[in-house]
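Asker: Residue numbers (our numbering), protein chains in the order written: chain E, 1 to 500; chain Y, 1 to 500; chain W, 1 to 425; chain G, 1 to 425.
Think of the hints as simulated: they come from the structure by calculation, not from any bench.
Be careful, since some hints might not be right.
Think about it this way: if two alpha-carbon atoms lie no more than 27 Å apart in a straight line, the pair counts; the simulated BS3-like pairs of lysine-lysine are [stated by the list, open to error]:
id, chain 1, residue 1, chain 2, residue 2
1, Y, Lys197, Y, Lys170
2, G, Lys352, E, Lys45
3, E, Lys490, Y, Lys3
4, Y, Lys490, E, Lys4
5, Y, Lys490, W, Lys270
6, Y, Lys490, E, Lys3
7, Y, Lys4, E, Lys24
8, Y, Lys24, E, Lys4
9, E, Lys237, E, Lys211
10, Y, Lys197, Y, Lys245
11, Y, Lys4, E, Lys466
12, Y, Lys170, W, Lys307
13, Y, Lys4, Y, Lys440
14, E, Lys24, Y, Lys3
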Amino acid sequence: MIKKVRPHITQNEPLLFERSSPGKIGYQLPDLDVPAVNAEEALGKANTRTEIEDFPEVSEVDVIRHFTRLSTWNYAIDLGCYPLGSCTMKYNPRVNELVARTEGLAWAHPYQPESLSQGAMEVMAALETALAEITGMDAVTLQPAAGAHGEFTGILLIRALLESRGNPRKKILVPDSAHGTNPATATMAGYRVENIKSNDRGVVDLETLSKAVDEDVAALMVTNPNTLGVFELEIQKIAAILHDKGALVYMDGANMNALVGITRPGDFGIDVMHLNLHKTFSTPHGGGGPGSGAVAVKKHLEPFLPGPRLKRVDDRWTWNYDLPQTIGKVRAFHGNFGVLVRALAYIMAHGGDGLRRATMDAVLNANYVRALLEPHYQIAYPAPSMHECVFSDVRQAKHGVRTGDIAKRLIDYGFHPYTVSFPLIVHGALMIEPTETEGKAELDLLADALISVAEEVERDPQMVLKAPYSTRTSRVDEVGAARRPVLRWKPRDTASLAAD
Amino acid sequence: MIKKVRPHITQNEPLLFERSSPGKIGYQLPDLDVPAVNAEEALGKANTRTEIEDFPEVSEVDVIRHFTRLSTWNYAIDLGCYPLGSCTMKYNPRVNELVARTEGLAWAHPYQPESLSQGAMEVMAALETALAEITGMDAVTLQPAAGAHGEFTGILLIRALLESRGNPRKKILVPDSAHGTNPATATMAGYRVENIKSNDRGVVDLETLSKAVDEDVAALMVTNPNTLGVFELEIQKIAAILHDKGALVYMDGANMNALVGITRPGDFGIDVMHLNLHKTFSTPHGGGGPGSGAVAVKKHLEPFLPGPRLKRVDDRWTWNYDLPQTIGKVRAFHGNFGVLVRALAYIMAHGGDGLRRATMDAVLNANYVRALLEPHYQIAYPAPSMHECVFSDVRQAKHGVRTGDIAKRLIDYGFHPYTVSFPLIVHGALMIEPTETEGKAELDLLADALISVAEEVERDPQMVLKAPYSTRTSRVDEVGAARRPVLRWKPRDTASLAAD
Amino acid sequence: MLDTIGVPNIESLFQHLPEDVLLHRPLNIPRGKSEYEIVDYFRQRGDENANGYATFLGAGVYNHYRPVLVDTVVSRGEFLTSYTPYQAEISQGVLTSIFEFQTMICQLTGMDVANASMYDGSTSVPEAAMMAVRVTGRDRVLVSRAVHPEYREVLLTYAQHQGMPVEEFGYDTSAGTLDLEDLERKIDDTTAAVIIQSPNFFGIVENVKQAAAIAHAKGALLIFVFAEAVSLGLLEPPRDADIVAGELQSFAIPPSYGGPFAGIIAAKEKFLRQMPGRLVGETRDTNGNRAFCLTLSTREQHIRREKATSNICTNQALIALMATVFMSIYGKQGLRELAEQNLSKAHYLAGKVPLRFSGPFFNEFVAKTNGRGADAVNDSLLQQKIIGGLPLGRFYPELEGSVLLCCTEMVKRPDMDRVASALAN
Amino acid sequence: MLDTIGVPNIESLFQHLPEDVLLHRPLNIPRGKSEYEIVDYFRQRGDENANGYATFLGAGVYNHYRPVLVDTVVSRGEFLTSYTPYQAEISQGVLTSIFEFQTMICQLTGMDVANASMYDGSTSVPEAAMMAVRVTGRDRVLVSRAVHPEYREVLLTYAQHQGMPVEEFGYDTSAGTLDLEDLERKIDDTTAAVIIQSPNFFGIVENVKQAAAIAHAKGALLIFVFAEAVSLGLLEPPRDADIVAGELQSFAIPPSYGGPFAGIIAAKEKFLRQMPGRLVGETRDTNGNRAFCLTLSTREQHIRREKATSNICTNQALIALMATVFMSIYGKQGLRELAEQNLSKAHYLAGKVPLRFSGPFFNEFVAKTNGRGADAVNDSLLQQKIIGGLPLGRFYPELEGSVLLCCTEMVKRPDMDRVASALAN
Ligand SMILES: Cc1ncc(COP(=O)(O)O)c(C=O)c1O
Ligand SMILES: Cc1ncc(COP(=O)(O)O)c(C=O)c1O
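Please work from the sequences and hints to get the whole structure.
Answerer: And the structure:
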């Protein structure tokens, strides 16, 4: 029985372009306080466009209604549990939005004098210090814009170090359970990727690893806990195997929400890692971004960090550009500063023990959901779960229902689905990460819903295959979208207007 | 056919009290920087409460989810046309919300030194000046908190003036088409109410009026345009009739959205009037308030205005409390200042001609809707409409469907209904005020919807009587609510929890 | 659109208006400004006001912290841009939140029923008095001089023309509490209501039980007024009162130079039918789901017209919602802890200055300036970017030279010490 | 919950971790602060930065007005707290807005397809270059020295380890435009792409047609870069380019000390399969209603892994939404008028100062300080609460003593006059 939602009317809304009517405006500019300049004279006729064809022409009311209506078609953390595995969809504190808009911070120009940027620099310094403490590493760069960007930065750091030792080497080892960004990153950094098969416990197999590690191996990219939510218990041995061969260990820190305050990568052999501040540190995902992929390193990698670096010179912060060994900038300016402000606010609000408590609650919640669901879904691997639990759809697949179908049906129960079909080593993975900010009531509803769907799969698989039924948009034809890509609106394209 | 909406899942949500669990908290206070004081010692045991029984205990996430979910059950201007007659539900510019939160204004204490309040006082002075210009009156008080409060203030002003002339008189005349606040106000001001029957054109009848006006009459409360959206063409004669007998004319300015920039009450004989800043001047209605009922008066009433009054003394604003003839304060401090800020921002954004254009568009929209609907609904009175048009349900009543039922069915079409059953002189009134901020597309949808309902009434009245069908809450039992009033949650009262 | 209407231009829609009422010139208001200029204008006005001052002003408007979620919630268009929930089926969001509001006000005040809000505290006082007059059929009202002076002034304005004589009774000049003898002296069986405030204007906690006993002995109602809602987190609720009238500004409502605020009226069940203002009640929809709607509107002006319990229509819903969110965030524990912090800070400062009264106080108290004069003390504080207490001479000539100081959770110890030394000097 | 799991306490959920990896001390981070203290902390940090200065800094980060509706929209929890719209049926809000974003970017740039956003302008340049390398099967990249210096630095970082040699070509030292001879000299048939920026880093409008002709003649692609998006309101779109890489910060994205911003990549239809980043496409639901969903994800890392077109996963969706709302509000007329105001203001100031280059410019230009030195000039301006232009010596030794000045619609004439006289002196 669906307890969590009821249908209600939501407004239809055409595309902005379909709402447009010639001459309609939603803006007003101040009067020009200087003589108006003729564009064609100033820029030349050839350089001056006549108009922006088909660009929207709407009123201010049109705009607010348009986006308000669209927003009501969307699910979000503010509406309910969002157990998207590996994405750590925790509550995004609203105070962080406020402080990120503090005038002196939001309007700081990256090229304004250092004497007028001390506040921004202090924020970055404070965050670097906190992240070093949390990870147990020696230095942090806040420049990368997201996790994948941090991976890229981290691998370039490894390459630079090895190069400085005479040989950048050729290969990066990546467990087959790794997130797609890992192998993609290795390629972008000019390495060949060698996939390491996980063992029957879903973790890195020491023997397989030892065989794979040779003088051509630059590094292993390991995720810990891995994408099954399982802690790599032999992580220290793993590190040793690579270090013995002069290779390094990169840790994908996307799952740090399972470790903060409990254990520190710097203490179990990691040389370099990234953090997803938009996951572990609660900065909002905003429909796909922005994020921040801060990278933390051990001493031996510090000289290679991208610049500029913060430096304290007689009680003032300055930017140090004198970094002979740096890999160079990975992004203009100083990274996603606004995201950094939010992450620091989150750390300040929690404090050391608050962060630890959050980790424990995250692991508690994941194990609670796992316990409730194990009778009904096949757990992918028996190993203990940390912050997320991964099931396989093997039982449901017998009835012709796959993880993607279960996900769609879960929508009817009022939840955003878990992560579907990842990691790839699991047959039809259901990857569930509740996070610490969910209460028991919401988790019980989630488990009830998934259990109820499991029963529906046995009773009436056909019904499940056509879900969802209660959304204003029924199941979407993704195949069709890819077969004949329509990636932008065009004037003629107004057929379905009425229906929308 | 319903073009405007489609159903979509909305989250259920219990009451906060049902969400509570002991010990849960959503706040954190700074550490106390002084010694903690024991309450019972400081206040006495008898004065100290043990606890706030059943008060909510929820987390911060609970709070944002609770109110976000509730909000999705609500219709609003930001979602679509809200043609609630007499309420002027126009777009509420968001810049007004921003400026009302300007630190120096939002955190100004009414008792802080005048030297540190010049900005707030300047804002009030600027608004008083603008409103005097718009109404054609001589002085304005911004103290009243809403329209009805402004009426009360205005009638007290009239009483004070008459008293100063030796006789406050006994009666206030109120047309039978008037809003309920008018007679209620007159009573509160110690007057007897005499209702004036409107003539067959829905306006004040000069003869009836002349007969009614005698030395006992203190004033007439007239609404212009009246609640039918009809301009009182003989307003000057009406005023003369009262003035001849030493009585005054109060104008209910709720419908000023039909007049701004076109004609001024001060120019057609009005002695005193109120403005609903939350209507004509776009300040948000916020689910029922706040508003502001600024009162504008002619010179002869100025001495009686509530204090303090703004006074310019060598280039600085001061508050003048020396008002021997004042009626006294009608509200503590200086009125709904935050609303005044928004109203001034609205006036600044429009400017003189912008305000006039808004009036013209408002009247245009009302007449457009009227033209589209007249073939299908009985217009209450043939007179030309200003900013709103009023129909009667006589045709639909033949099929047993009343204005209230049509309103409920209109909800299924994605609109907030018009004002139902007001004014009382109309048989089953449908009072429609689109306002100027609606575009043609939205108005066409509104008319389509109402026409379609009119057809449904003829085809299938029974269906209409049970509407709405598409809302998460079907037709609500208001009779039951009044018969057995449950006005607060009580611990036992958790029956229907699951269903919500 | 003009064609549909059948007119050549918009002007013709106004043609029927008498020529001589038309305004034949443009309004004398500068042409429309851009958003940027408007923001700029109000920022300049804001800069002309106090900014960055520590403040010890209270006196009915309190400087409490506003949790961020409050504006997050009230900024949602669904709340901000809706109106009175006449149409229950598409207004359950507002209706549910008001029902929760009514409940929390009852829990705080110990009353049975509370309405959906009044304009503010000052106007809820006369509304409560008028309610008492209707209930008792008597007309005299006795109000304590320790009730907020502006509330009393508004009471008089309302009362003067309704044949509702208002008389004041005094306060104990040493304790700062109600002068119960004076009350005894003035009350009689024409008295409809006795109005007291606690904490009173001097910040002092009154003895509600005694006042109630005296009022009830003469068949009058006791109207309890509060201006500092945070005190209810710690103080015994006024269970002995018959009607409670209050101001919620302390609950995350910005001072905003005095408004918009939110008033409330709560009362014993038996007075329900005489309550002014809107009420939300629980009911069912046709599917049996719990639902809420406006109810008992037969009391109100749009039905009852000249016989209504009040003329109030538009109230302060969005502001009441701010208070609702505030109460939700702080909750049972938080509101108490907040009140305790206020209590502690006030007593810290009070311990360092000469007090005018001896009665128990919450977060406000009256300090003497020992001849230096309130203005002199405040001027010296302004130099240190501190706004001192309210000089009481303005409202109480007999208290000339005393200041009303308020300490909320927002005042910092160093500033309190500065105030202490300014008063000590 | 522990009973359900079958453990005595939460700690036991970590018991399986090796003892010696556990952190046996509390994190060295001060205990949790209250919301009020946090707000206070960041306000203090903000106060340590520039406040209330007029600014003439541009150079990739522009001081444009942010319409209020932008934050109104992006603050709605439905947008703020959702993630990548993997589940189309409950993500149509985000998906629709991205589809509109892609469309508007195409309309602005004259390209056929645009993606859902990149990290920023600087990272979209190397992604575009890598795209060109995949398309052409060549590996050499030529980049103009008038492209933003930090963009070029990021390009080098990306290129260095992919066997993608990057070579720079110069600018005409008198006009400040592309040195086309130098380009001709350096381009050959191993060149995958020629990268130019317009308006270039000096604010000067480049001749895209000529650059395209030269590139295409050698079978290379032309990559067009923009850093000042407002210029597209007025400038002829780069129809002759093959790929466009740009930065949208000018579209209501706060400077925020350099980020988060939003980059884009747009291209000709035929290069679609080589595009990096997410794409939203139009389709239908089973009821035949128009719907949108993520599409062509076979290009992306989560499917393609080491063969993906890029490793990008999380992008800048919410920031792109800011730009979308901005474009909606200004629209066709507004964006042009905004660009014209920028043009007019820049030319007003440029008319009063010694210019370094003669080429046509939009809202930025290079001024000479005639021996006084950039820092001296800027210091004198700081005294007047004005942040002057960017000293170019830092990035272009040969331009030591010149400053890059930017005039947006936000600069006021009196400040421009102050800058003029500072440079005149
Ligand atoms: C395990 C893992 N690694 C890497 C990433 C990439 O991080 P981002 O999306 O911030 O680039 C993600 C996020 O999706 C992830 O879940
Ligand atoms: C005609 C008329 N008069 C008076 C009022 C009362 O105004 P308010 O609700 O602001 O007290 C209203 C608003 O409902 C109205 O429509």
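Asker: Run every hint past the structure and note whether it holds.
Answerer: Verification of the hints:
1. Y:Lys197 with Y:Lys170: 19 Å, holds
2. G:Lys352 with E:Lys45: 24 Å, holds
3. E:Lys490 with Y:Lys3: 23 Å, holds
4. Y:Lys490 with E:Lys4: 23 Å, holds
5. Y:Lys490 with W:Lys270: This hinted pair holds, its Cα atoms lying about 18 Å apart.
6. Y:Lys490 with E:Lys3: 23 Å, holds
7. Y:Lys4 with E:Lys24: Holds: Lys4 (chain Y) and Lys24 (chain E) sit about 22 Å apart, inside 27 Å.
8. Y:Lys24 with E:Lys4: Holds, at about 22 Å.
9. E:Lys237 with E:Lys211: 14 Å, holds
10. Y:Lys197 with Y:Lys245: 20 Å, holds
11. Y:Lys4 with E:Lys466: 25 Å, holds
12. Y:Lys170 with W:Lys307: 17 Å, holds
13. Y:Lys4 with Y:Lys440: 14 Å, holds
14. E:Lys24 with Y:Lys3: 23 Å, holds
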